[in-house]
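Based on the sequences and whatever the hints tell you, model everything.
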Amino acid sequence: MAYINNNPPLDIQTRQISEQFDVIAQREDNWDEYESKKPNKLSFNHAKHFMEAFLDTVVSEGHSWLTPLISSDEDGYITVEWYGEARQLHLQIEANAVVYIQVWGPNIETEMNVDVLHRKDYLTIWKWLLYG
Amino acid sequence: MDKNDYVRDNEELYRSIRGKLEEKEYILNEGKLRILPKAFSDKHRKPSVDRAKLRDNPSLSRLNETDGIISLIAGDVRALAAVETKTEDKGIVHAVDVIYDPTPENPAHSHIAITPEFFGSTNKQKYAFRLLSIALAELATKSGWTLRPGGE
Numbered sequence: 520m521a522y523i524n525n526n527p528p529l530d531i532q533t534r535q536i537s538e539q540f541d542v543i544a545q546r547e548d549n550w551d552e553y554e555s556k557k558p559n560k561l562s563f564n565h566a567k568h569f570m571e572a573f574l575d576t577v578v579s580e581g582h583s584w585l586t587p588l589i590s591s592d593e594d595g596y597i598t599v600e601w602y603g604e605a606r607q608l609h610l611q612i613e614a615n616a617v618v619y620i621q622v623w624g625p626n627i628e629t630e631m632n633v634d635v636l637h638r639k640d641y642l643t644i645w646k647w648l649l650y651g
Numbered sequence: 029m030d031k032n033d034y035v036r037d038n039e040e041l042y043r044s045i046r047g048k049l050e051e052k053e054y055i056l057n058e059g060k061l062r063i064l065p066k067a068f069s070d071k072h073r074k075p076s077v078d079r080a081k082l083r084d085n086p087s088l089s090r091l092n093e094t095d096g097i098i099s100l101i102a103g104d105v106r107a108l109a110a111v112e113t114k115t116e117d118k119g120i121v122h123a124v125d126v127i128y129d130p131t132p133e134n135p136a137h138s139h140i141a142i143t144p145e146f147f148g149s150t151n152k153q154k155y156a157f158r159l160l161s162i163a164l165a166e167l168a169t170k171s172g173w174t175l176r177p178g179g180e
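If you're matching them up, the sequences are chains F and B in order. Each residue of the first sequence is one higher than the last, beginning at 520 in our numbering. Each residue of the second sequence is one higher than the last, beginning at 29 in our numbering.
It is possible that part of the hints are untrue.
Residues from chain F shown here face chain B by an in silico Cβ test under 10 Å; the list is partial [as the list claims (entries may be wrong)]:
#1 Ser590
#2 Glu593
#3 Thr598
#4 Val622
#5 Pro625
#6 Trp647
#7 Leu649
Stretch by stretch, here's where chain B covers chain F in the computed footprint (C-beta under 8 Å, at least three residues) [unchecked claim]:
#8 566-574
#9 599-612
In silico DSS-like cross-links for lysine-lysine, where the CA-CA straight-line distance does not exceed 27 Å [as the list claims (entries may be wrong)]:
#10 Lys81(B) - Lys557(F)
#11 Lys556(F) - Lys48(B)
#12 Lys52(B) - Lys556(F)
#13 Lys154(B) - Lys556(F)
These are computed hints drawn from the structure, not numbers from a lab. Each residue gets a CB set at the ideal place from its N, CA and C atoms; glycine is no exception.
And the structure:
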C-alpha cells in the first residue's frame, strides 16, 4: 500500500502528524499563490483533536496506521488524504463536521462516496481503506 | 460555434504541475508518482488546461521553469461523471466538460468546468469541486509525466 510508514511507534506517528499541522499553521492567505485562504482556525483546531481521536481509535484496536497527507484547501478547511494501492480516503474537516470521501476509481458518480464521518464509523472506514 | 472551438474527445490537454515536492502537488512513494488533488486547485473552480494541438511543445505550457507537465485526454475528463442530460434544445450536457477559453496571452487555454447540480446526491453536489480535483489527480497519476519537472 502506498504511503504506508511501516508502523513506527505511536509517539513517532503522533509527531509526524504534529509536524504537518505546524507547517499548516504558518500559512497566510494566498499561501499557495492560487489565492487560497489561510487555514480556518475552527477547522484547524477541530482537525487536531479529530486526528488524535482517530489515530487512538485505529491503533488501540491493533490496526496498522498509514501516514496521511495533511493540508488545507481553497476555503481554508483542513484536508487529510490516505492513498492505498486501490483505495483512497479523503477527509475535509470543517468546524463542526468531518466529511469523508471514499475513492476506488476516477468516476465521480460510480467510484466515489461522500458522507459525514461519525465517531462510531471510524473503524469501519479505516478497515475499508486497509482491507476493503 | 466554430468547429475548431470545440475540444474533441480525442484531444490531449496539458496541465502544469509545480515541480518542487514541498509544494505538495505530487509525491513519489518508492519512486512511484502520485499527482495530488492540490495540483488542480483553482480559485474559480475551473482548472486551466492547454489544448496540445495548439502548443508546439509541452514545455510552453509550464507556468514556471521548474514545473512538470501531465497530459489528460478530453474524453477521459468528460467521462469522470457519467451524467448526461438530454434536452431538445441543448443536446447532451456534460457534468464535467472541457471548454475552449483562449486568452490573448494563451491561444491554447481551456478550462475544465463542472456542473454540480447534475450529480446524483446532495453530498456530491456540495463537494463537487473536491471530487473533481480528486478525479483529475487520479487520471493524471495514471498518465504520468509528459514532461518531468524542470525537464526540456
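Which hints from the list above does the structure break, by number from lowest to highest? As far as the earlier hints go, 6, 7, 8 and 10 are violated by this structure, in ascending order.
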